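Asker: One-letter residues, chain by chain:
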Amino acid sequence: MRKTLLGYVPDESPIYAIHPFVKLFFLLVVSLFPMFITPPEWNLFLMLFLLGAMWYSKVNMSTLRIYVPVAVSMGTIILLSYTVLGGTHPEYQLLYKIAGIKIYWERIRDAIVVYFRILPMIFSMVFFLSTSRERDVIVAMRSIRLPFIVTYIFAMSLRAAGMVLEDFHIVRQAEKARGFDPAGKSLYYKIRQYVMYMIPLFALSLRRSEDFTNALVARGYAFTGEASRVKRADYVLTHYTFTTLDMVLTIIIGLSFVAILYLRYGLGYLDLDSSWFLSWLQGAIT
Amino acid sequence: MAPIIEVKDYTWRYLHTTEPALKNINLQIEEGTFLGIIGPNGSGKTTLANSIDGLIPGQYHGIKKGVVNIRGKEVEDYAKGSLQRTIGMVFSDPEAQFTAMTVEDELVFGMENLGMTIPEIRERLAWVTELTGLAPLIDKPPYEISGGQKQRVALAAVLAMKPEILILDEPTSMLDPISRKQVFAVLSKMKQEQNSTIVVIEHSLENLVPLADRMALLYAGELLFEDETHHFFQRMDLLLEKDVLPPGALHFFHHLIQAGYYNGRIPLTAVDAAEKLAQIMKKSVEEAKS
Amino acid sequence: MSEKEPFVQVKNMIFRYPDGTQALSNINLNIREGEFMALIGQNGSGKTTLSKCINGLFKPSSGDVIVDGQNTKTTSIVQMVRRVGYVFQNPDHQLFNSNCWDEIAYGPRNIELSEAEVKERVEEAAKVVGLSEELFAEHPFFLPKGQRQRVAIGSILALRPKVIIVDEPTTGQDAKQSLEIMDFLVDLNENHGHTVVIITHDMPIVARYAKRVVAMGNSRILADGPTAEVFSQHDILAEASLEPPQITQLAQLSGGFGFRAGTLTVTEMWEQFQALVTSF
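Chains A, B and C are the protein sequences, given in the same order. Numbering (our numbering) for the first sequence: 1 to 286. Numbering (our numbering) for the second sequence: 1 to 290. Numbering (our numbering) for the third sequence: 1 to 280.
Bound-form chain A, shown alone (with noise of 0.2 Å):
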């Protein structure tokens, strides 16, 4: 098992035949694509090729369990502020009026398509945060040639970000072990407390930056002067090969993304009329 961002993947698992570049663009690129597709079952069907492909990928699925509350809250939210917090339009077409409040069909339309875009764009974020590693990141970043010292210092607030969270973490264990239990309290209470972990936390960061700042001297790093103008290798870099099936998923990746872009402007597809299940529904419910 390696640990990613999001889990852990199997070792055994096709995603590290890919180099991390293409992973990125496909974040990049596909969770794009519902921008531009309107009808919620095509933004379904890209939804379930996610899962395919995180099943593919070997992605411990039972992780994907604590994203169903958020995919139910949220879309609980999006319908009651499109409906009920909707306001009054005579031009629409109303259903229903509970307790004065108008329920129109467009209303909610609109929030079903808005809810089944943003499934997808997440889908495609825990897709790529499931399968990649911090250094994959910074492959990716690397291999389009931004400048080291922009890589680096996004390693850096990695890393920094890292040693947070494991001093958080002790932090709490260490309040827990003074006694401090936060169930049955008052927010008020438990806002103070979560106030508290802040002093130990600025405490650390500022006794270790210098310490940090000293390792980066240390390894001969200088940001200014003769030393930061050497010509650098990069050997991470050399770990990771472009293949031949690298280059065929960029295109094919790049070539959906224009597919799209042609079916939806130039072909006329993909907007809210040629939605099957919209109109399914709107027969269904008035």
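Take these hints with a grain of salt, some might be off.
[Stated by the list, open to error] Quick list of in silico lysine-lysine cross-link-like pairs, DSS-like style, CA-CA up to 30 Å:
#1 C:LYS73 x A:LYS190
#2 B:LYS181 x C:LYS145
#3 B:LYS162 x B:LYS189
Hints in this document: simulated from the structure, not taken from any laboratory. If you're wondering where the values come from, they're calculated on a predicted model, not measured in any experiment.
Based on these hints, arrange chains B and C on the given structure of chain A.
Answerer: Positioned in the frame of chain A, the structure of chains B and C alone reads:
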């Protein structure tokens, strides 16, 4: 030959403090020497180490008097980042020294900074992971390895740059006794095979003492004395007075010397001490018989 | 039964991390009131995890931990901290408050004592750790490390736990500071009725202070007994990546002359030498 490290009439006071952290230090370290520096916390050990490796005056503000020369050139005269080609530093906090996202990235970072080519890096990486036993951990991110393992990574990252001088500030504070021994075994190899000049600050003396050619005692910002290791421990009374806790066998031999049972060189390891103790015991038996 | 139940009983305990890796396997351990015990072992051998199971921060995956007759599985953390105190290795992880007084009062307030009781506990704990009144208003962050550690221990003592577990009390401390902090723990043990458990890599400290040693390795307890006895067991120590202090090694190498394998301090060694020499 001129000493590789030369500290002359050196005084350093940090800004916003009234007392100097180091007072009038004079110290010469010959190439290939293994020097152990001991002394209580707050006696200036870390300040001395940082004065040699250029973090002082580079990274800290303060007032300097006197001279610190590395290979005959003053520390401040080295261009930024260039002194680290000569001097490698390992600090005590393993967490803050791990700056990358995998062990491998951490090990190659320094080499990349030196402008080494990829084949050179590959070869050096193989050498250093073998030397420090880190090969099984090479792909691990920092949150999956222990504090002790991070300490070994910090050492390896610096060794990979093959500096002529190594300065280690409490490099084994988090390690269990066997891992601690392994770190010192690596240092001993570096001394023998690479003729590295090594300066180690440590509280735990049992592993340091057998390897050190010379020892120095810092106390309240002053270098009380510095000498060849056997001679250093002949002055046990002074060491005990200055709160040094000597390794058990050395302390025991101090009792033997004081009571007149022994007058040779003080042994530095348990094995050496056992041989010498055997001679003393046999001699006592013979004397009792006659 | 004439003998009192052990204060801490760990029975057939297994502990797994959420990701499934087994950190402790089949642990059985009793700690009696008044003991001074050292928990030793390689990095990652499970010492810290075991301690956190004993004070209830972690709950066993199977088996039981019974402290003062209470099973940690069903006892709230508020009840646990009155029985077992755990001092983390780095004081910076456990100092949350903006002055030392509030720091020490934090625990007693969490367990909802009256302000009068809190005051009494803080004053008592501060006295025991030697924290003078001028420092009460100081921010713990600005104290030197030795002092910060004392505040951290004081803040645990204010909860009056029977057992106090201290993780690596001497790491980063010089010889004098190490002896001071250890003498202070002995004082807690002998004069204030606390059972003390230290987790440490410092073998000379273990030899000098601990009466009982529990050696861990590969998530198991490898040896458990009086310090001199455990330090005489070479093969087990090697398995735990440990070795006895130098003076013990010298005594063992010189066993042929009658030195005890369980010699722990220079004083013991010297006394044996004098006795042996005069006996010839």
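Asker: Look at each hint and say if it fits the structure.
Answerer: We went through each hint and held it up to the structure:
| no. | hint | verdict |
| --- | --- | --- |
| 1 | C:LYS73 x A:LYS190 | holds, 24 Å |
| 2 | B:LYS181 x C:LYS145 | holds, 27 Å |
| 3 | B:LYS162 x B:LYS189 | holds, 13 Å |
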